[in-house]
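Here's the letter readout for the chains.
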Amino acid sequence: MEEKDIRDDIAWAQINVDVLRSIEKPRLSFWLLFCFAGCLFLIGVACEVYQWRKGLGVANFDNPHVWGLYIASFIFWIGMSHSGTLLSAILHIIHADWRKPIYRFAEAMTTFSLMTAGLFVMVHLGRLWKFYYSLPYPNERWTWPNFQSPLLWDAMAIFTYLTSSILFLYVGAIPDFAICRDNATGWRKHFYSWLSLGWMGTDRQWRNFRVTYLTIACFLIPLAVSVHSIVASDFAMSQQPGWHVTSFPPYFVAGALYSGCAAIITLFIVLRHTFRFEEYMTLPILDKIGRLTFVIAMVWTYLNFVEYASVWYGDDMYAKDLLIQKATGPYSPFWWTMNFCGSVIPFLLISKTIRGNLTAMMIISLLLNLGMWLERWMIVAPTFSHGYYPWTMDHNQWPSFVQWGMVLGSFGWFGLLFMLFCKLVPSVSMYEVKEMVYHRTLAQKKYAREA
Amino acid sequence: MSTVRILGLFNDFDLASYALREVRDAYLPALNRDDITIKSPIEHPDVEELLGYRPAPIRRYTLIGSLLGGILGFLFLASSQGNFFAQQKGGKPIIPFPPDIVLTYEMLILGGVYITVLGFLISAGLPARMKSELYNTKISEDQIGVLVKSDARTIAEIKKIFEKHLAISITEEVIE
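If you read the sequences in order, they're chains U and A.
Position one of the first sequence corresponds to residue 347 (my numbering), numbered consecutively onward.
Position one of the second sequence corresponds to residue 2 (my numbering), numbered consecutively onward.
Note that these hints are calculated values from the structure, not bench results.
Heads up, some of the hints might be wrong.
Unchecked claim - DSS-like mimics (lysine-lysine), calculated; alpha carbons at most 25 Å apart, straight line:
hint	chain 1	residue 1	chain 2	residue 2
1	A	Lys161	U	Lys371
2	U	Lys350	U	Lys698
3	A	Lys150	A	Lys139
4	A	Lys165	A	Lys132
5	U	Lys535	A	Lys139
6	A	Lys139	A	Lys165
7	U	Lys535	U	Lys698
8	U	Lys769	A	Lys139
9	U	Lys535	A	Lys132
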């Protein structure tokens with residue numbers, strides 16, 4: 347008999363008690379992780395201040411290496427943002443109710459990943475104080491925005507995705523803010539009263555809430571696909587070897603879903619431990635995420651091989667030469683690690699025993715994300731090292747400590763935002779878990795009657 | 002006669018539904034079905050059967066928002082390209098349709114989402130003043146509230162029905 351995703355006999359009041367208690371008193375490990383994230387963030391801030399004062403040279407940028415880890419990390423964080431859309435919107439539409447205890451933090455991941463990705467766009471410009479030059483408004487500098495450029499599409503798509511994700515996250519949390527309001531005291535009561543907008547759970551509110559949530563979910567799916575397709579267009583619409591590939595948009599979307607799923611596993615395990623969510627973030631749910639991750643990993647692997655095959659059997663000698671360079675040149679350790687982590691490690695997820703082992707799943711999820719981060723770096727760096735012009739050939743570049751520091755800082759920034767969110771907002775959706783318990787009990791009763 | 006509000010709290014959906022059905026079938030002359038509200042921690046599964054169909058006009062807002070977002074977005078782009086940001090195009094069109102469609106698509110979604118949320122707030126009556134309605138914090142926990150507004154005589158009848166169906170608590174309030 348299949349294990350239950352969640353116990354059917356949890357009382358509704360108990361769900362409130364469990365989730366609210368966990369917010370107020372997380373384990374010590376929460377604060378340790380919070381401090382760790384804070385330290386990483388400070389490293390990033392220090393590197394940014396240094397780069398601000400000295401210029402982009404300290405990042406070891408030169409022509410043609412002008413993107414480095416910044417843009418690789420930008421793509422990585424955009425990819426991570428797809429987790430929320432996948433878990434919340436797609437699974438909501440197909441009525442996969444096992445998503446209910448875990449979708450809230452996946453939505454939060456989406457929002458904070460996009461915020462982190464946005465930082466890299468600004469950081470890689472170098473002169474941050476002139477960021478407004480890139481904004482499209484009539485000015486006397488004769489700096490015209492090019493509406494035909496995917497970079498401008500990127501800005502619009504990310505802005506749309508970020509604000510829509512924030513609204514999706516917020517609207518979906520209103521009933522839970524009302525629960526927090528009804529149980530809080532002091533400043534928290536004011537805070538949650540303000541956020542809950544006077545929600546009282548009336549039939550009118552629920553009716554409109556359902557339609558709204560479903561509608562935004564329907565919008566978010568094509569939006570998420572368009573965002574990563576546009577990010578892929580930043581590369582695919584150029585003429586550079588290794589980038590001018592037709593399959594890049596679906597490849598990027600699959601990669602985004604893949605890294606998002608892997609990150610969900612990591613944060614699932616972290617939240618389960620730090621907030622004592624063992625009752626809600628259960629092993630059967632982890633098992634399902636593991637299976638989903640495996641499927642997406644295979645899609646990504648397939649698209650990866652499609653790309654290799656089309657380059658190998660194609661007539662573009664520069665692209666083929668780049669592929670050989672990736673496999674045998676100075677970036678080869680990273681390229682092989684990427685392929686190993688992205689295409690071989692997921693086969694461990696076939697084993698049910700491994701899918702039910704938290705330590706193994708934690709290690710696997712970190713390795714998968716390492717692979718996905720390397721994938722982004724292997725998209726950006728080798729092409730710059732092996733361009734068309736003679737002076738760009740074999741022009742290898744190793745990122746400076748400033749670039750690495752920024753990457754670490756981005757993880758710290760994301761960690762700080764995410765953990766602060768989890769401390770203030772229930773990362774398990776209480777009303778959805780109640781629905782899940784209620785409908786499963788109803789189904790059981792119906793089954794018993796029929797039997 | 003004065004208008005009174007009564008809030009009965011029930012342990013589960015079944016008890017609340019029995020009470021509501023009896024209120025409905027009692028054919029109380031002064032009772033309007035629109036004056037009955039269910040308050041619950043999750044959406045009542047049989048709400049339409051009990052209270053009849055009540056519209057949720059969100060999709061109209063969505064349609065209007067999407068159309069406005071798309072049309073205004075394209076006009077904004079086209080007018081910018083035609084005026085402020087006109088560039089030397091070497092014979093290519095000043096307003097290029099294929100790339101503009103990408104941005105129009107994003108603005109269509111942007112408009113759709115924003116106006117859907119606005120429509121939600123309007124249709125659901127949010128933000129609401131908590132003090133203006135009878136409410137009990139147990140509703141967000143595990144109890145089902147049935148709120149009825151009517152004249153004092155009808156409310157007295159309803160109170161009896163609530164008591165018959167084991168309401169945990171009954172609160173009354175004279176509003177005018």
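Quick rundown of the hints versus the structure:
1. Lys161/A - Lys371/U: violated, 44 Å
2. Lys350/U - Lys698/U: With Cα atoms ~15 Å apart, Lys350/U and Lys698/U stay inside 25 Å; holds.
3. Lys150/A - Lys139/A: holds, 20 Å
4. Lys165/A - Lys132/A: violated, 29 Å
5. Lys535/U - Lys139/A: holds, 16 Å
6. Lys139/A - Lys165/A: holds, 20 Å
7. Lys535/U - Lys698/U: violated, 44 Å
8. Lys769/U - Lys139/A: holds, 24 Å
9. Lys535/U - Lys132/A: Holds, because 15 Å separates the two Cα atoms, which is no more than 25 Å.
In this structure, the earlier hints numbered 1, 4, 7 are contradicted, and the remaining ones agree with it.
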